[in-house]
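Protein chains: 2
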Amino acid sequence: MMKVFTYPDKKKWNKIIQRPVADNAELGKTVNKILEKVRNKGDKAVLQYTKDFDGVKLKSLSVTPDEITNADKLVSNELKTAIQQAKKNIDTFHVAQKDEVKIIETMPGVVCWRQSIGIEKVGLYIPGGSAPLFSTVLMLAVPAQIAGCKEIILCSPPSKDGTIDPAIIYAAAICGVTKIYKVGGVQAIAAMAYGTETISKVFKIFGPGNQYVTQAKQLVQQQAVAIDMPAGPSEVLVIADETAIPEYVAADLLSQAEHGPDSQVILITTSAAFATATTAAIEKQLQDLPRKGIAKKALENSKLVIVATITEAIELSNLYAPEHLILSCANAIEVSKQVIAAGSVFIGNYSPESVGDYASGTNHTLPTNGYAAMYSGVSLDSFTKKITYQQLTKEGLTMISNTVMEMAEAEGLTAHKNAVAIRLK
Amino acid sequence: MMKVFTYPDKKKWNKIIQRPVADNAELGKTVNKILEKVRNKGDKAVLQYTKDFDGVKLKSLSVTPDEITNADKLVSNELKTAIQQAKKNIDTFHVAQKDEVKIIETMPGVVCWRQSIGIEKVGLYIPGGSAPLFSTVLMLAVPAQIAGCKEIILCSPPSKDGTIDPAIIYAAAICGVTKIYKVGGVQAIAAMAYGTETISKVFKIFGPGNQYVTQAKQLVQQQAVAIDMPAGPSEVLVIADETAIPEYVAADLLSQAEHGPDSQVILITTSAAFATATTAAIEKQLQDLPRKGIAKKALENSKLVIVATITEAIELSNLYAPEHLILSCANAIEVSKQVIAAGSVFIGNYSPESVGDYASGTNHTLPTNGYAAMYSGVSLDSFTKKITYQQLTKEGLTMISNTVMEMAEAEGLTAHKNAVAIRLK
Numbered sequence: 000m001m002k003v004f005t006y007p008d009k010k011k012w013n014k015i016i017q018r019p020v021a022d023n024a025e026l027g028k029t030v031n032k033i034l035e036k037v038r039n040k041g042d043k044a045v046l047q048y049t050k051d052f053d054g055v056k057l058k059s060l061s062v063t064p065d066e067i068t069n070a071d072k073l074v075s076n077e078l079k080t081a082i083q084q085a086k087k088n089i090d091t092f093h094v095a096q097k098d099e100v101k102i103i104e105t106m107p108g109v110v111c112w113r114q115s116i117g118i119e120k121v122g123l124y125i126p127g128g129s130a131p132l133f134s135t136v137l138m139l140a141v142p143a144q145i146a147g148c149k150e151i152i153l154c155s156p157p158s159k160d161g162t163i164d165p166a167i168i169y170a171a172a173i174c175g176v177t178k179i180y181k182v183g184g185v186q187a188i189a190a191m192a193y194g195t196e197t198i199s200k201v202f203k204i205f206g207p208g209n210q211y212v213t214q215a216k217q218l219v220q221q222q223a224v225a226i227d228m229p230a231g232p233s234e235v236l237v238i239a240d241e242t243a244i245p246e247y248v249a250a251d252l253l254s255q256a257e258h259g260p261d262s263q264v265i266l267i268t269t270s271a272a273f274a275t276a277t278t279a280a281i282e283k284q285l286q287d288l289p290r291k292g293i294a295k296k297a298l299e300n301s302k303l304v305i306v307a308t309i310t311e312a313i314e315l316s317n318l319y320a321p322e323h324l325i326l327s328c329a330n331a332i333e334v335s336k337q338v339i340a341a342g343s344v345f346i347g348n349y350s351p352e353s354v355g356d357y358a359s360g361t362n363h364t365l366p367t368n369g370y371a372a373m374y375s376g377v378s379l380d381s382f383t384k385k386i387t388y389q390q391l392t393k394e395g396l397t398m399i400s401n402t403v404m405e406m407a408e409a410e411g412l413t414a415h416k417n418a419v420a421i422r423l424k
Numbered sequence: 000m001m002k003v004f005t006y007p008d009k010k011k012w013n014k015i016i017q018r019p020v021a022d023n024a025e026l027g028k029t030v031n032k033i034l035e036k037v038r039n040k041g042d043k044a045v046l047q048y049t050k051d052f053d054g055v056k057l058k059s060l061s062v063t064p065d066e067i068t069n070a071d072k073l074v075s076n077e078l079k080t081a082i083q084q085a086k087k088n089i090d091t092f093h094v095a096q097k098d099e100v101k102i103i104e105t106m107p108g109v110v111c112w113r114q115s116i117g118i119e120k121v122g123l124y125i126p127g128g129s130a131p132l133f134s135t136v137l138m139l140a141v142p143a144q145i146a147g148c149k150e151i152i153l154c155s156p157p158s159k160d161g162t163i164d165p166a167i168i169y170a171a172a173i174c175g176v177t178k179i180y181k182v183g184g185v186q187a188i189a190a191m192a193y194g195t196e197t198i199s200k201v202f203k204i205f206g207p208g209n210q211y212v213t214q215a216k217q218l219v220q221q222q223a224v225a226i227d228m229p230a231g232p233s234e235v236l237v238i239a240d241e242t243a244i245p246e247y248v249a250a251d252l253l254s255q256a257e258h259g260p261d262s263q264v265i266l267i268t269t270s271a272a273f274a275t276a277t278t279a280a281i282e283k284q285l286q287d288l289p290r291k292g293i294a295k296k297a298l299e300n301s302k303l304v305i306v307a308t309i310t311e312a313i314e315l316s317n318l319y320a321p322e323h324l325i326l327s328c329a330n331a332i333e334v335s336k337q338v339i340a341a342g343s344v345f346i347g348n349y350s351p352e353s354v355g356d357y358a359s360g361t362n363h364t365l366p367t368n369g370y371a372a373m374y375s376g377v378s379l380d381s382f383t384k385k386i387t388y389q390q391l392t393k394e395g396l397t398m399i400s401n402t403v404m405e406m407a408e409a410e411g412l413t414a415h416k417n418a419v420a421i422r423l424k
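Here the protein sequences come in this chain order: P and U.
Residue numbering for the first sequence follows numbering that gives the first Met the number 0, beginning at 0 and increasing consecutively.
Residue numbering for the second sequence follows numbering that gives the first Met the number 0, beginning at 0 and increasing consecutively.
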């Protein structure tokens with residue numbers, strides 16, 4: 000079960016918040032080999048790796064219109080309704096992120112502005128495996144569509160029978176994904192980064208994945224392709240005081256623990272009694288979980304920290320910079336104002352992480368591994384670039400000319416100075 | 000002089016816009032060695048490399064308060080006035096980028112919002128060499144201060160006499176830089192990424208540099224430090240028709256060419272007569288440039304393309320995705336609306352690139368090497384991360400519960416479902 004730290008000395012904090020460090024040296028070689036092969040051999044290599052790694056010999060990488068129609072039939076109406084409601088909320092929250100163009104006159108006759116423009120071609124990666132993450136399709140495709148990306152392609156590994164989960168196809172179809180391909184792992188990242196006969200090269204790649212996929216994204220990032228962010232195992236940190244409800248917090252910790260054996264789960268509380276009650280509740284709830292085995296493993300390297308005050312709890316949390324932060328304490332809203340590093344914050348007893356994972360409207364693609372200290376989660380911004388513009392009148396140029404010429408002179412850049420001077424002649 | 004392409008076939012476009020590709024394999028080894036040395040030996044290694052590469056044996060890496068006071072005396076009042084005016088305009092444009100918090104109720108009782116929070120510790124790199132880039136200090140430190148970054152450190156290589164250009168120190172001092180260090184090159188990036196006894200580790204590193212610095216930034220980016228963006232040689236692309244003035248455009252092309260021998264300079268025009276006149280004007284203006292030699296070299300691998308229509312010109316420019324785009328043509332504003340990939344756009348005959356380089360208010364740290372297709376230039380956003388928040392009432396959770404539970408069920412994540420169910424009991 001969870002490692003317990005009671006009123007640990009601040010000197011010990013850095014040790015407590017340490018995350019497991021994966022050695023990627025060996026992994027890098029394997030990943031590089033696959034990247035190069037796909038870069039040089041295109042579809043042929045992708046099909047071969049799909050046979051080797053996914054165990055299926057595909058004729059075509061593309062999901063056909065028939066498969067899309069068919070997926071629509073296979074998804075239950077209940078699930079469709081749920082997906083549509085989630086889509087609606089995600090859409091509402093991300094549309095509100097559009098920023099209108101502000102025209103700024105920095106000096107008389109000197110007018111500057113910024114314009115957001117959708118990245119023309121983006122690629123979304125959706126992992127396969129134990130859970131079909133159609134929710135991630137919504138989290139990536141909805142903002143991509145709002146941003147006005149012209150090409151939104153999606154890659155997801157096929158199962159042994161050569162199909163992709165119908166819920167993934169359904170979600171992609173209603174979110175304006177332009178093309179769906181049956182490709183997973185490193186070969187999918189390579190195909191989107193370099194392009195193949197079938198799959199077109201994109202400018203930016205989004206989406207979660209195992210350590211091979213993550214490594215592949217980091218490597219192609221060195222080769223003129225952008226990525227959403229570096230990714231690590233999913234995390235939750237809960238800050239709770241005596242007003243929190245042990246059963247609720249236990250359920251939240253378990254919902255993170257069931258993600259994978261490497262999930263990071265941390266509870267910081269000011270109440271020893273609450274800690275004991277929550278540990279008991281975890282034990283109890285764990286029994287009935289289908290993914291019990293996974294959750295148990297995750298809990299083994301999870302931590303329970305008892306601190307003196309909520310202020311200390313926040314301090315420790317800011318140091319850890321969790322992907323998800325749940326505030327189950329009195330005046331949670333006030334406490335939330337002291338958060339300076341977290342991906343997404345869940346406030347109060349009725350805001351479990353799972354609402355953010357699926358449907359509240361916030362994005363669930365968030366910085367892990369401490370990156371919340373410097374990275375934001377995926378948002379509308381992630382799918383756009385902001386171009387700046389300036390237009391000067393002759394009067395404006397005259398007004399600013401001394402400033403520019405003086406600085407150009409001092410930096411020893413005479414031609415920069417001339418470009419202004421010649422226009423004032 | 001410039002390579003000329005007259006009405007080239009579209010099939011040839013990709014060849015025309017090709018940028019020189021630097022092979023970084025060898026370079027990577029050298030850079031890695033320096034990174035490792037600094038990581039393990041700290042200040043000792045930094046001081047040694049400063050002796051080896053900058054040719055000066057320093058006692059201390061820190062710029063002292065006395066040096067700051069002294070720099071203030073050494074900078075002329077004219078330059079101070081210019082720097083202050085530029086700072087004011089950059090401040091005005093970047094303050095306007097602050098986004099107020101929008102509280103969004105995606106469903107009754109389901110409230111979500113985003114909050115920008117300054118990255119706590121940032122590091123700015125300012126190259127030394129032929130031109131003291133105090134303008135870049137303004138472009139990075141001003142938004143960092145607006146963002147509310149708590150620690151803003153700056154590294155710049157010392158000259159042989161162990162000093163840093165007073166204008167750089169002056170600009171840093173008036174922009175709230177908290178600490179200035181006499182460190183350059185890879186050792187500076189390493190010091191800011193890993194921290195040393197003197198220099199504290201930062202979360203994100205900004206600023207231009209040679210290919211060694213750029214490579215170092217890309218490598219530390221793999222190690223839990225963020226960077227502003229990948230960087231390449233500076234570029235300008237000018238689109239001009241017969242309404243443009245050859246002398247102005249010639250001056251703009253030369254102001255880019257004087258940056259360095261590897262600067263990229265492209266002119267696309269619909270008028271053969273204009274092309275001829277501009278080439279002549281370049282020849283003429285080139286003669287009196289102190290940096291004539293550099294500019295000449297840059298012009299040798301620059302390009303002049305004659306096309307049939309402005310629409311074609313824009314198409315070609317969007318394919319190239321230039322760092323700087325100057326529109327010297329009729330209805331430049333209308334034409335600017337067709338731009339989908341560029342760092343910063345300069346509109347009309349009185350908006351030379353140099354105003355944006357120094358003082359219009361837009362940021363001059365911009366995506367090069369085609370990255371304008373997916374990256375934005377540096378802005379206030381670059382110094383913040385955006386945290387999302389959600390707060391649900393019990394009614395809100397009830398309202399959204401079916402959606403979340405249905406989706407969690409379908410993704411096989413029972414604990415996610417339980418986290419909602421248990422709260423409704």
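Derived from the structure by calculation, the hints contain no laboratory data.
The structure displayed is predicted, hence computed values, not measured ones.
Do not rely on the hints blindly, as some may be mistaken.
Remember, identical chains collapse to one label, so a pair may be satisfied in a single copy or spanning two.
The list that follows gives simulated cross-link-like pairs (lysine to aspartate or glutamate, EDC-like), each with its CA atoms no further than 20 Å apart [stated by the list, open to error]:
| no. | residue 1 | residue 2 |
| --- | --- | --- |
| 1 | K385 | E333 |
| 2 | K385 | E99 |
| 3 | K385 | D98 |
| 4 | K200 | D51 |
| 5 | K97 | D380 |
| 6 | K101 | D380 |
| 7 | K302 | D261 |
| 8 | K101 | D51 |
| 9 | K393 | E246 |
| 10 | K291 | D240 |
| 11 | K296 | D261 |
| 12 | K336 | D98 |
| 13 | K424 | D287 |
| 14 | K50 | D380 |
| 15 | K385 | D53 |
| 16 | K40 | E314 |
Hints versus structure:
no.	hint	result
1	K385 / E333	between (33 Å within a copy, 18 Å between copies)
2	K385 / E99	both (12 Å within a copy, 18 Å between copies)
3	K385 / D98	both (11 Å within a copy, 15 Å between copies)
4	K200 / D51	neither (23 Å within a copy, 43 Å between copies)
5	K97 / D380	both (8 Å within a copy, 14 Å between copies)
6	K101 / D380	both (16 Å within a copy, 15 Å between copies)
7	K302 / D261	within (13 Å within a copy, 53 Å between copies)
8	K101 / D51	neither (53 Å within a copy, 49 Å between copies)
9	K393 / E246	between (69 Å within a copy, 16 Å between copies)
10	K291 / D240	neither (27 Å within a copy, 69 Å between copies)
11	K296 / D261	within (8 Å within a copy, 54 Å between copies)
12	K336 / D98	between (24 Å within a copy, 17 Å between copies)
13	K424 / D287	between (83 Å within a copy, 17 Å between copies)
14	K50 / D380	neither (37 Å within a copy, 43 Å between copies)
15	K385 / D53	neither (39 Å within a copy, 37 Å between copies)
16	K40 / E314	neither (51 Å within a copy, 30 Å between copies)
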